[in-house]
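*Asks:* Listed below are the residues making up each chain.
Protein chains: 2
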Amino acid sequence: MPRYVLRVEYDGAPFVGWQRQAEGLSVQQVIEEAASALNRGRPVEAVAAGRTDAGVHAAAQVVHLDLDREVEPGTVRDALNFHLRAHPVSVLAAGLAPPDFHARFSAIGRAYRYRILDRRSPPALDRGRVWHIPRPLDARAMAEAARVLVGRHDFSSFRAASCQASGPVRTLDRLEVQRVGEEIVIEAAARSFLHHQVRTIAGTLRRVGEGSWTAADVARILAAADRRLAGETAPAAGLTLTSVTYPDGLCPV
Amino acid sequence: MPRYVLRVEYDGAPFVGWQRQAEGLSVQQVIEEAASALNRGRPVEAVAAGRTDAGVHAAAQVVHLDLDREVEPGTVRDALNFHLRAHPVSVLAAGLAPPDFHARFSAIGRAYRYRILDRRSPPALDRGRVWHIPRPLDARAMAEAARVLVGRHDFSSFRAASCQASGPVRTLDRLEVQRVGEEIVIEAAARSFLHHQVRTIAGTLRRVGEGSWTAADVARILAAADRRLAGETAPAAGLTLTSVTYPDGLCPV
Numbered sequence: 001m002p003r004y005v006l007r008v009e010y011d012g013a014p015f016v017g018w019q020r021q022a023e024g025l026s027v028q029q030v031i032e033e034a035a036s037a038l039n040r041g042r043p044v045e046a047v048a049a050g051r052t053d054a055g056v057h058a059a060a061q062v063v064h065l066d067l068d069r070e071v072e073p074g075t076v077r078d079a080l081n082f083h084l085r086a087h088p089v090s091v092l093a094a095g096l097a098p099p100d101f102h103a104r105f106s107a108i109g110r111a112y113r114y115r116i117l118d119r120r121s122p123p124a125l126d127r128g129r130v131w132h133i134p135r136p137l138d139a140r141a142m143a144e145a146a147r148v149l150v151g152r153h154d155f156s157s158f159r160a161a162s163c164q165a166s167g168p169v170r171t172l173d174r175l176e177v178q179r180v181g182e183e184i185v186i187e188a189a190a191r192s193f194l195h196h197q198v199r200t201i202a203g204t205l206r207r208v209g210e211g212s213w214t215a216a217d218v219a220r221i222l223a224a225a226d227r228r229l230a231g232e233t234a235p236a237a238g239l240t241l242t243s244v245t246y247p248d249g250l251c252p253v
Numbered sequence: 001m002p003r004y005v006l007r008v009e010y011d012g013a014p015f016v017g018w019q020r021q022a023e024g025l026s027v028q029q030v031i032e033e034a035a036s037a038l039n040r041g042r043p044v045e046a047v048a049a050g051r052t053d054a055g056v057h058a059a060a061q062v063v064h065l066d067l068d069r070e071v072e073p074g075t076v077r078d079a080l081n082f083h084l085r086a087h088p089v090s091v092l093a094a095g096l097a098p099p100d101f102h103a104r105f106s107a108i109g110r111a112y113r114y115r116i117l118d119r120r121s122p123p124a125l126d127r128g129r130v131w132h133i134p135r136p137l138d139a140r141a142m143a144e145a146a147r148v149l150v151g152r153h154d155f156s157s158f159r160a161a162s163c164q165a166s167g168p169v170r171t172l173d174r175l176e177v178q179r180v181g182e183e184i185v186i187e188a189a190a191r192s193f194l195h196h197q198v199r200t201i202a203g204t205l206r207r208v209g210e211g212s213w214t215a216a217d218v219a220r221i222l223a224a225a226d227r228r229l230a231g232e233t234a235p236a237a238g239l240t241l242t243s244v245t246y247p248d249g250l251c252p253v
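In order, the protein sequence lines correspond to chains A and B.
Under full-length UniProt numbering, read the first sequence as residues 1 to 253, first letter to last.
Under full-length UniProt numbering, read the second sequence as residues 1 to 253, first letter to last.
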């Protein structure tokens, strides 16, 4: 059974998230149904690098799946897009993967972007893509506080109660905050993230941006390893999975 | 009756266009209803600088309307946004205008952006915001052909049959084509445009980009003053009104 790897873009708004749920439509389901149509009706399982939550977007999710027979990768991409046309999900690229390639377990890095629209008026063109904060935030203070979180730490304060990861220790390789016009853009990269980690970081940095907390407060919150101390979980709509990295040469897309 | 001027952002997708129609929801209607709520229920007429078609977006439409009593401009902005919250329409700024200010007739310039997504795979995140052209376009050839159209010309070849303007002559001040990543972005500016002018230009430049036509063909099409010779009217979704200009100091937003 040849293994294919896909790079996939999606708008998370209409979905219950990547993963199949008892109720509601998931990105996994629409991709598996499209792949099954291409696989002569036989079921196909799709595995993603990052199991994005409901409403979270992807600019470059990586997915693997096995087909019964070998199909030219360009045909896989185009056929999947044909079957996906009713949904805001697009296969940007497809490639034949080594048989031991695993979208999730082979990945050595994930990057996310969190967008805050920092202006008085609500978004019209970017509805569902940003967190709207009507009061002015201090992006420089947020950037300074972000530096406290970079590195290897116990991130218990920034982890959802629902998090199923075995431990709370993660290494945050990058956490940058920049003002870009009316937006404040947070870019985060790590080998892997805890559940809601980026959104809890965004909710915490917002408190710094509005002047309620300082970088020293964020350091204290981190050290306390207590979720009740950090800021709110920022809305899913502002979050986009922007890239997934693999060891050199392993991922063909 | 104090006159207010608004800078307004909207997603054109759910609307029949700026202007009220017998059927369907217009941007004008939702703004007039919001303004009426602020005007103690008395009807308000809203006049826009550019009467955008169904599906066309605005990053900075300019609108004027009169209220029965004077209200602080920041309150006008916030109250309108409160009443508009069910719709992807946002008032970015409001100001008190001179009584003879007219959003449409006082304007001395309009600028539009047309976005083409030039890649094999369809858009997911930019659905409804771009024209998807799956085959590679030559942006440099498009930019060269665009230069033919700049200046004062009879634009009959680039005018909808439905155009109600008194004459077909317009002065195109700017028409630039640039590749930006996977997109080809067309920026157009003029004192005023004919109906469908930017979209017909985009449809024509696309034919140049795919190699069917040259800049010389575009010059011939322009000179012929015959709509049947130009390219198709590009889809509304790719078009955004990006700015409206007024004589110095006239427009407070």
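Take the hints with a grain of salt, since some may be wrong.
Simulated restraints on C-beta separations [said to hold, decoys possible]:
1. B/P136 with A/Q19: 49 to 57 Å
2. A/Q178 with B/G249: 29 to 37 Å
3. B/D66 with A/Q178: 39 to 47 Å
4. B/D173 with A/H102: 29 to 37 Å
5. B/P99 with A/R127: 33 to 41 Å
6. B/E187 with A/Q21: 38 to 46 Å
7. B/R191 with A/R147: 17 to 25 Å
8. A/S192 with B/R140: 39 to 47 Å
9. A/P14 with B/G249: 45 to 53 Å
10. B/A13 with A/H102: 36 to 44 Å
11. B/V150 with A/Q21: 53 to 61 Å
12. A/D173 with B/E182: 22 to 30 Å
13. A/P14 with B/E33: 21 to 29 Å
Hints in this document: simulated from the structure, not taken from any laboratory.
Just so it is clear, the structure is predicted and the values come from calculations on it, not from any experiment.
Don't be surprised by glycine CBs; every beta carbon is placed ideally from N, CA and C.
*Asks:* Would you mind marking each hint as holding or not holding in the structure?
*Replies:* Going through the hints against the structure:
1. B/P136 with A/Q19: 49 to 57 Å: 36 Å, violated
2. A/Q178 with B/G249: 29 to 37 Å: 34 Å, holds
3. B/D66 with A/Q178: 39 to 47 Å: 42 Å, holds
4. B/D173 with A/H102: 29 to 37 Å: The hint (29 to 37 Å, Cβ to Cβ) is violated, given that B/D173 and A/H102 are roughly 55 Å apart.
5. B/P99 with A/R127: 33 to 41 Å: Holds, at about 35 Å.
6. B/E187 with A/Q21: 38 to 46 Å: 44 Å, holds
7. B/R191 with A/R147: 17 to 25 Å: For A/R147 against B/R191, whose Cβ atoms are near 50 Å apart, the range 17 to 25 Å is violated.
8. A/S192 with B/R140: 39 to 47 Å: 43 Å, holds
9. A/P14 with B/G249: 45 to 53 Å: Given a distance of about 46 Å, which is inside 45 to 53 Å, the answer is holds.
10. B/A13 with A/H102: 36 to 44 Å: Since B/A13 and A/H102 have Cβ atoms about 38 Å apart, the given range 36 to 44 Å holds.
11. B/V150 with A/Q21: 53 to 61 Å: 54 Å Cβ-Cβ, so the 53 to 61 Å window holds.
12. A/D173 with B/E182: 22 to 30 Å: 27 Å, holds
13. A/P14 with B/E33: 21 to 29 Å: For B/E33 against A/P14, whose Cβ atoms are near 28 Å apart, the range 21 to 29 Å holds.
Checked against the numbered hints listed earlier, the structure breaks hints 1, 4 and 7; every other hint is satisfied.
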